[in-house]
Amino acid sequence: MQTAWSADEHKIKQASLGRQKRRESVVGYSFIAPSVILLLVFLVLPFMFAFLFGFTKFNLLRPDKIQFIGLDNYKLLFQDNLFYKSLFNTLYFTVIVVPVQSAVALMLALLVNHQLKLRNVYRIAYFSPVVTSMTVIAILWISLYNPNEGLINSALNFFEIPKQPFLRSSDQAMHSIIFMSVWQAAGYQMMIFLAGLQGISKDIYEASSIDGANRFQQLRFITIPSLYNVTVFVLTITTIQAVKLFVQPYIMTNGGPENTTRTLALLIYQQGFQFRNAGYASAISVIFFLIVVFISFSMKKFFRDR
Amino acid sequence: MKKGIITAILAAMLITGCSSGGQTNEAGSEGSSGNAGNEVIELNFWRPQAGEAEDNVYVKRIEEFNKAYEGKIKMKMEVITRGNSFAYEDKINAAVASNTLPDVIAMDGPNIANYAASDIIIPLDEHFTEEDMNDFVPSIVQQGTFKEKFYAPGLNESSVVLFYNKKIMDQYGITPPDKMEDAWTWEEWYDVMKTTAKDGVFGTNMINDKGEWMTYAFEQLWISGGTDLVNDEGTKADGFVNSEQGIEAAAFLQKLANEKLFNIDPKPTEFEEGKAATKLGGPWNIPGFKNYPDLEWGITYFPKKAGGALTAPSGSWAVGVSADSEHPKEAAEAVKWLTNKDSSTELAKAISMPASRKSAFESMAEYNELPLRIIKEQVTTVSNARPVTPAYPVLTQKFAEALIDIMVGADVKKSLDNVADIYDEEFKRNFAE
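Those protein sequences? They're chains E and Y, same order as listed.
Take the first sequence: its position 138, counted from the start at 1, is 138 in our numbering, and no numbers get skipped.
Take the second sequence: its position 168, counted from the start at 1, is 1168 in our numbering, and no numbers get skipped.
Errors might be hidden in some of the hints.
[What the hints assert, rightly or not] Once the Cα atoms are required to be at most 25 Å apart in a straight line, the calculated DSS-like pairs of lysine-lysine come out as:
{"hint": "1", "chain 1": "E", "residue 1": "K57", "chain 2": "Y", "residue 2": "K1236"}
{"hint": "2", "chain 1": "E", "residue 1": "K163", "chain 2": "Y", "residue 2": "K1255"}
{"hint": "3", "chain 1": "Y", "residue 1": "K1336", "chain 2": "Y", "residue 2": "K1072"}
Just so you know, these hints were derived from the structure itself, not from any lab.
Bound-form chain E, shown alone:
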């Protein structure tokens, strides 16, 4: 009797607890519903479409004539020299920009972290390119890089260095874009590093200077190790930004000269919107997606293992 009663009570308790839990989860789900729905509609669904379109011949102007062609787009893709070239350019840009930009950002952060006069002026100066539209900056740099009368060439002229073609040369175009991209974006990573730097307790520096550590040793053994997590974050977002490279070559070189600045994003745009081959462009974007996933996973694994 006793046991039966207690079992009943237990059940009731259990049930009400379950109800409460359920109610809680309903509330919880309703809180995340807006963002989940938006994500589904605007991110997941379009990607599913892109995945499906990748198997079709689909002229943007002829949605009625969409045609299933199996893996033809992918076959074409793997024979397309321009695809490999674009992939190479994208990776080349990433491999150079990520370490250089992060290093520059760290140096700037260390610089403006000191008790300099006009410290805020420097901070604003380094950060201002970040908040300016990339399109505006790209157009500005086209004139800086002007092969005949650009400011940079005038400066070189002062040092009696001959005029350089910059964006109008297959050898220099990508490097010119890399240089201006680092200049433009380093300020953002600088801010993140700066936040990290200010999170390091002063006590550690004081303790180390009592132990006789010099400035360099402090940097090497305190600052850099303390910034590990911040660095991982900076490297990850910089990589993601870098593989997306689009605006600079789109505005400054249109992928030229001789496709030396054509990136995957630019190739996708050209095929999809300019040539209206939505099917083929979707196939490229699926491959692009897989590459980004692969890079992100490897980076995550690399940093977790350390």
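With chain E fixed as given, assemble chain Y onto it according to the hints.
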């Protein structure tokens, strides 16, 4: 990681076409159309936003149309911002996908074949008399015709001429020709550039932009040599864009670039400021010249190849009837109205672009005298429309890319061969029947 996925999905979204519809303004009177029994047919008309002067001509002409057809047809214009140069075309693409095209659409000349091949617009042959067709300047008929059917007439024409700085010409004792038979050849033009390119002055200014301009202007060097970018049917580029004459034309451009006779990244006002002796440009440049009182300018013909044909670029926005229209007959009436002599004359007067009808030229005396006479002569006799082909977007992009590559030193033949390969491959894959 999550960000990586999101990034990639965003890239994918680019493809699925989240087109940004431009802001729209409506023009045209909003009169009530409520008289019972007699139903008024409503027509929608889309066109991209232009300068105020041009927009006003359309508003006025449509008001007049609605008055003339009161109680029968009412046309409403929707002006779509172009933003960058593709926003309008993007909107058309989106409307095609959702079957929401208006009755009457404005489109850029080279797109006509593309839209006609995709059955987006319908042929209008039955609505235009022979007299009409003879009154249109030849390039308008050429640009509006696809597979022997006429789809879309233009309101105005365009042309490219060689402007010259009179002071610089006088300084070197050069007299640019003002008769068609004396038009400069490439070599003569080259000599002029060679003579005048000194002390920070370029021999010419000829890069308006590195996109559509490249095809629009420089296809003529191919035509003057007796070839073209693609064959007449538009099915093949190999043997045309990379023909012997084509290679010669591109090599000429490369020579000018190598000798630094023009600036590949010019300031838009280089010629106006006296920093270039000549300039390849169009009537649209003329209004801006007024802001430079020191500039004395003249016009001469688009240079031709020695022994080749005199030729000049052409092409303009045109209007057609969409295949989605439920009232094609009335829509055709509207197209006729928008491209008749009055509309053509009024637009030509408002924006100083040449008219698309010979009869309109006759009503404008200024085109009978120098310098504008040169423009009229080119438009009415030697103009050529850009290639009529459904794969035009690929052709123009790749051709423009190749010309820039060639100007900065790429191998001429290899670059042109590449254009031919890509075009032929594209045509075979997507348009061959």
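Hint numbers contradicted by this structure: Nothing - there is no hint that the structure violates, so all of them hold.
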